[in-house]
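> Sequence:
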Amino acid sequence: MRKLVLAAVSVAALTGLAACQNPAEKEADARADAVEAQADVTATQLENQADAAPTAAQADALNAQADAVEKKADEKADAIKAEAGNVDGGMTTSNTPPKS
3 MRKLVLAAVS
13 VAALTGLAAC
23 QNPAEKEADA
33 RADAVEAQAD
43 VTATQLENQA
53 DAAPTAAQAD
63 ALNAQADAVE
73 KKADEKADAI
83 KAEAGNVDGG
93 MTTSNTPPKS
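For the sequence shown, the positions run 3 to 102 when my numbering is used.
It should be emphasised that the hints constitute simulated quantities derived from the structure, not laboratory data. Mixed in with the good hints, there may be bad ones.
Below, a list of computed lysine to aspartate or glutamate pairs in the EDC-like style, where the Cα atoms sit at most 16 Å apart [said to hold, decoys possible]:
1. Lys-73 - Asp-35
2. Lys-73 - Asp-42
3. Lys-28 - Glu-72
4. Lys-83 - Glu-49
5. Lys-74 - Glu-29
Make the full structure from the sequences, and use the hints.
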């Protein structure tokens with residue numbers, strides 16, 4: 003439950019930053035937020051299953067799976083944001099990859 007609240011607060015905080023972004027970045031942020039929110043729901047479900055697991059080993063495995071879901075979602079969300087941030091070739095963003 004606390005993760006869902008944290009996700010909601012994060013979305014609200016990021017809304018204020020959205021005014022400084024181009025349309026592609028705004029859309030990417032929304033998609034990235036959706037990816038993270040879905041992962042939070044899945045991870046919370048896994049953690050709840052872990053709490054009810056009959057053995058410590060099963061609980062540990064479920065918690066590890068929840069952590070992996072969150073990590074993968076964070077990586078995917080970061081990739082979505084990075085891709086959108088470079089739509090304009092990095093002219094207006096700070097996450098432009100270095101030139102080779």
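> Taking the hints in turn, state whether each one holds.
Cross-check of the supplied hints:
1. Lys-73 - Asp-35: Holds. Lys-73 to Asp-35 sits at ~14 Å (cutoff 16 Å).
2. Lys-73 - Asp-42: The hint holds at about 10 Å.
3. Lys-28 - Glu-72: violated, 22 Å
4. Lys-83 - Glu-49: At roughly 27 Å apart (the allowed maximum being 16 Å), Glu-49 and Lys-83 break the hint.
5. Lys-74 - Glu-29: Judged against 16 Å, a Cα distance of about 20 Å means the pair is violated.
Checked against the numbered hints listed earlier, the structure breaks hints 3, 4, 5; every other hint is satisfied.
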